[in-house]
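K.L.:
In case you want the letters, here they are:
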Amino acid sequence: MGEPRLIEISPVTRVEGHGKVTIHLNGNNEVDEARLHIVEFRGFERFIRGRLLWEVPVIVQRLCGICPVSHHLAAAKAMDVIIGVDELPPTAEKMRRLMHYGQVMQSHVLHFFHLAAPDLLFGFGAPAEQRNIFEVLKEQPELGRRAILMRKFGQDIIEATAGKKIHGTGAVPGGINRNLPIERRDAFLGVIDEMEEWADAALALARDYTLQHAMLVEGFASFPSNYMSLVRKTDGALDLYHGDLRAVTAAGMPIFDRLDYSRYHDVLVEDVRSWSYMKFPFIKDLGPASGWYRVGPLARMDTVDFIGTPKANAARNELMAVTKGAPNNSILVNHWARMIEVLHCIEMIRDLLHDPDLQGTELRATGERREEGVGVIEAPRGNLIHHYCVDERDQVTYCNLIVSTTHNNEGMNKAVKDVAVQHLSGQAQITEGMLNHVEVAIRAYDPCLSCATHALGQMPLQVELFDAAGGLLDRRSSAT
Amino acid sequence: MLVIGYGNPGRMDDGLGPAFAARIAAAQLPGIEASQDYQLTVEHALALAGTDVVVFADAAIGASAPFEFGPLQPAEDGDLSSHSLSPAGLLSLCRTVFGVVPDAHVMAISGVAFGDVAEGLSPQAAQNLDRAVAFFTRWVAGCRVRATVEG
Numbered sequence: 001m002g003e004p005r006l007i008e009i010s011p012v013t014r015v016e017g018h019g020k021v022t023i024h025l026n027g028n029n030e031v032d033e034a035r036l037h038i039v040e041f042r043g044f045e046r047f048i049r050g051r052l053l054w055e056v057p058v059i060v061q062r063l064c065g066i067c068p069v070s071h072h073l074a075a076a077k078a079m080d081v082i083i084g085v086d087e088l089p090p091t092a093e094k095m096r097r098l099m100h101y102g103q104v105m106q107s108h109v110l111h112f113f114h115l116a117a118p119d120l121l122f123g124f125g126a127p128a129e130q131r132n133i134f135e136v137l138k139e140q141p142e143l144g145r146r147a148i149l150m151r152k153f154g155q156d157i158i159e160a161t162a163g164k165k166i167h168g169t170g171a172v173p174g175g176i177n178r179n180l181p182i183e184r185r186d187a188f189l190g191v192i193d194e195m196e197e198w199a200d201a202a203l204a205l206a207r208d209y210t211l212q213h214a215m216l217v218e219g220f221a222s223f224p225s226n227y228m229s230l231v232r233k234t235d236g237a238l239d240l241y242h243g244d245l246r247a248v249t250a251a252g253m254p255i256f257d258r259l260d261y262s263r264y265h266d267v268l269v270e271d272v273r274s275w276s277y278m279k280f281p282f283i284k285d286l287g288p289a290s291g292w293y294r295v296g297p298l299a300r301m302d303t304v305d306f307i308g309t310p311k312a313n314a315a316r317n318e319l320m321a322v323t324k325g326a327p328n329n330s331i332l333v334n335h336w337a338r339m340i341e342v343l344h345c346i347e348m349i350r351d352l353l354h355d356p357d358l359q360g361t362e363l364r365a366t367g368e369r370r371e372e373g374v375g376v377i378e379a380p381r382g383n384l385i386h387h388y389c390v391d392e393r394d395q396v397t398y399c400n401l402i403v404s405t406t407h408n409n410e411g412m413n414k415a416v417k418d419v420a421v422q423h424l425s426g427q428a429q430i431t432e433g434m435l436n437h438v439e440v441a442i443r444a445y446d447p448c449l450s451c452a453t454h455a456l457g458q459m460p461l462q463v464e465l466f467d468a469a470g471g472l473l474d475r476r477s478s479a480t
Numbered sequence: 481m482l483v484i485g486y487g488n489p490g491r492m493d494d495g496l497g498p499a500f501a502a503r504i505a506a507a508q509l510p511g512i513e514a515s516q517d518y519q520l521t522v523e524h525a526l527a528l529a530g531t532d533v534v535v536f537a538d539a540a541i542g543a544s545a546p547f548e549f550g551p552l553q554p555a556e557d558g559d560l561s562s563h564s565l566s567p568a569g570l571l572s573l574c575r576t577v578f579g580v581v582p583d584a585h586v587m588a589i590s591g592v593a594f595g596d597v598a599e600g601l602s603p604q605a606a607q608n609l610d611r612a613v614a615f616f617t618r619w620v621a622g623c624r625v626r627a628t629v630e631g
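From first to last, the protein sequence lines stand for chains A and B. The C-terminal position of the first sequence is numbered 480 in my numbering, with every residue numbered one higher than the one before it. The C-terminal position of the second sequence is numbered 631 in my numbering, with every residue numbered one higher than the one before it.
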């Protein structure tokens with residue numbers, strides 16, 4: 001029997017932020033334990049204390065350069081409550097929705113075409129020099145061009161509604177600070193048909209991949225779990241901007257439903273573990289062992305009753321037919337779900353652009369001041385909770401954030417373990433392609449691990465092997 | 481000419497790139513457009529395809545000089561994510577997708593404080609920024625002189 005070993009993959013490539021995977025092997029080269037360690041900056045919740053409520057929707061965007069709009073809107077929604085506004089003027093709500101749909105579509109497009117495509121097109125075990133976006137573009141440059149232009153479309157919508165592509169100021173407590181000029185509307189309408197056509201093609205690509213690789217998809221880090229998302233208050237439809245909380249079991253049975261999200265702490269508990277900076281939320285009534293749950297695009301497909309736009313709804317029906325209407329537990333199906341949401345966003349954007357309320361002039365509402373507010377939104381990566389208390393001087397005294405990646409923490413760890421056992425156990429040699437299987441499982445969740453600095457001089461991927469005593473057996477750096 | 485200063489101003493000296501772009505924009509140098517961003521992303525390839533010269537300004541970790549300025553060639557650096565798309569990778573992306581690539585330079589300005597969530601540069605980084613801006617202004621003037629002579 002050989003010596004037990006510890007394999008580290010750090011940082012995980014092609015995910016947002018930095019993380020580290022450690023795989024503990026026993027003396028027989030069998031996976032003993034596998035964990036995803038995340039250096040998420042939880043200090044932000046303390047950093048935000050003392051800041052004025054009016055500046056919070058702008059400051060919180062510093063959490064992330066990838067989905068700042070989600071933090072911007074979740075914080076604005078919480079501050080709406082604090083300034084006593086329960087219903088926004090139609091122009092304000094529709095401008096915020098337009099901003100959000102632009103954000104979700106551009107985030108999903110980036111993930112699918114540029115982060116996941118190399119794995120899907122070349123296979124998880126392909127050589128590293130092939131499994132990257134540049135090789136994808138050499139084979140399919142039109143795919144890359146479309147992805148860039150779809151990203152730009154989404155970013156332009158964010159800029160038109162938030163003022164800037166990154167760290168905009170559009171959403172303010174109680175409303176929005178601008179409407180959509182006619183000329184911007186017409187420019188978006190001028191390309192919306194092309195965006196929809198490309199979204200249809202991307203959806204077909206994701207669907208066909210999933211169906212043609214059904215055995216791989218069903219066997220890759222697939223396991224049952226609970227699911228949670230917002231659903232539209234009136235009818236249980238997909239609603240990325242607003243709604244009530246719903247959680248279902250792996251069999252689709254309700255755990256809680258129509259729950260006002262301000263009561264999230266009645267049903268969710270945030271557990272801590274000594275080896276990770278990131279918390280492990282679970283559903284209180286089910287306990288930590290069986291109460292963990294997943295969020296995100298596939299979770300939304302699994303949780304909602306239907307989608308309120310016709311083409312995306314038809315696409316969801318096709319996805320749900322794979323499991324005969326039951327929740328789909330295969331994480332790789334997230335790619336298909338993501339492209340359904342891109343189409344949904346484009347359908348919603350088209351509808352909104354035809355709505356004259358976007359040119360309305362009533363932008364803000366006021367109300368009676370409160371001390372506490374919760375804002376929840378379905379971010380690209382899943383449910384996002386912002387919770388604040390503000391004192392009589394308008395200063396934040398309490399902040400709690402549950403980001404999508406935190407909701408998915410237990411699921412990602414289980415995926416890492418599942419893939420490690422399946423692909424690494426009993427192997428005499430750990431190949432880069434095999435290690436990438438672990439990273440593929442993590443990437444399927446599209447995690448945003450943290451917004452670390454990214455200055456020049458950053459280290460590339462490192463893989464380190466340790467013996468049971470902590471001694472370094474091997475270290476390998478890769479260009480990826 | 482396009483100057484792209486990128487980084488996270490909420491992580492102290494990581495904001496050197498945006499600070500550099502802001503200074504260049506404020507100087508209103510003729511023919512130079514300066515933009516700030518949080519990071520380089522794929523759609524920057526569109527902007528690159530529409531310019532003849534691009535300068536990427538970013539913070540540098542562990543650099544020995546206050547700043548380093550030099551030419552840059554496209555390179556397929558293997559990985560691409562929205563946080564870590566490199567200037568060379570972006571150039572390569574631009575060339576592959578749009579068939580053109582501008583002359584490119586990197587302005588890497590040395591920073592020393594990256595750990596805290598706080599705005600503002602460290603005194604050392606601010607000093608390095610001043611020197612980088614002064615150099616760049618002279619370099620641009622030199623480019624114009626050469627262009628005039630050659631023209």
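Because the hints were derived from the structure by calculation, they are not lab data. Do not rely on the hints blindly, as some may be mistaken.
As the list claims (entries may be wrong) - Covered by chain A, per the in silico footprint, the following chain B stretches (three or more residues, Cβ under 8 angstroms):
# : stretch
1 : 522-534
2 : 574-588
Said to hold, decoys possible - Some residues of chain B that are not near chain A, with every Cβ distance over 12 angstroms (derived):
#  : residue
3  : Met481
4  : Gly490
5  : Pro498
6  : Ile512
7  : Asp517
8  : Leu565
9  : Gln607
10 : Arg611
11 : Phe615
12 : Cys623
Claimed, not checked - So the derived label-pair ranges between C-beta atoms look like this:
#  : chain 1 : residue 1 : chain 2 : residue 2 : range
13 : A       : Val269    : B       : Gln508    : 51 to 61 angstroms
14 : B       : Ala555    : A       : Gln140    : 19 to 29 angstroms
15 : B       : Gly530    : A       : Asp391    : 47 to 57 angstroms
16 : B       : Gly600    : A       : Asp391    : 18 to 28 angstroms
17 : B       : Val592    : A       : Pro127    : 32 to 42 angstroms
Backbone N, C-alpha and C fix where the C-beta goes; we use that ideal spot for every residue, glycine too.
K.L.:
Hint by hint, say whether it matches the structure.
P.N.:
Do the hints match the structure? See the list:
For the stretch 522-534 of chain B, the stated coverage by chain A is satisfied: 4 residues place a CB nearer than 8 angstroms to a CB of that chain, which reaches the threshold of 3. Under the rule that three or more residues need a Cβ within less than 8 angstroms of chain A, the assignment of the stretch 574-588 of chain B holds, with 5 such residues. Distance to chain A confirms Met481 of chain B as a non-interface residue, since its nearest Cβ pair spans about 21 angstroms, more than 12 angstroms. Interface exclusion of Gly490 of chain B from chain A breaks down, the closest Cβ pair being 4 angstroms apart, not more than 12 angstroms.
At the 12 angstroms boundary, the C-beta of Pro498 of chain B falls inside the reach of chain A, the nearest C-beta of that chain being 10 angstroms off. With a minimum CB-CB distance of about 20 angstroms to chain A, Ile512 of chain B clears the 12 angstroms threshold, and the non-interface call stands. Its closest Cβ contact with chain A, about 6 angstroms, brings Asp517 of chain B to no more than 12 angstroms, contrary to its assignment away from the interface. A cut-off of 12 angstroms between C-beta atoms contradicts the statement that Leu565 of chain B is not in contact with chain A; the least separation is 9 angstroms.
Distance check on Gln607 of chain B: its Cβ is at least 17 angstroms (rounded) from any Cβ of chain A, clearing the 12 angstroms threshold; non-interface status holds. A cut-off of 12 angstroms between C-beta atoms confirms that Arg611 of chain B is not in contact with chain A; the least separation is 17 angstroms. Against the 12 angstroms criterion, Phe615 of chain B stays outside the reach of chain A, whose nearest CB is about 17 angstroms from its own CB. Every C-beta of chain A lies more than 12 angstroms from that of Cys623 of chain B, the closest at about 23 angstroms, which supports listing it as non-interface.
Judged by the Cβ atoms, the range 51 to 61 angstroms given for Val269 of chain A and Gln508 of chain B holds: they are separated by roughly 55 angstroms. Here the CB-CB span from Ala555 of chain B to Gln140 of chain A is close to 21 angstroms, well matched to the stated 19 to 29 angstroms. Checking the proposed 47 to 57 angstroms range against Gly530 of chain B and Asp391 of chain A shows it holds: the Cβ atoms sit about 49 angstroms from each other. Range check, Gly600 of chain B to Asp391 of chain A: about 26 angstroms between beta-carbon atoms, so the 18 to 28 angstroms window is met.
Between Val592 of chain B and Pro127 of chain A, the C-beta spacing of about 38 angstroms keeps the proposed range 32 to 42 angstroms intact.
Figure legend: structure checked against the earlier numbered hints; hints not met, in rising order: 4, 5, 7 and 8.
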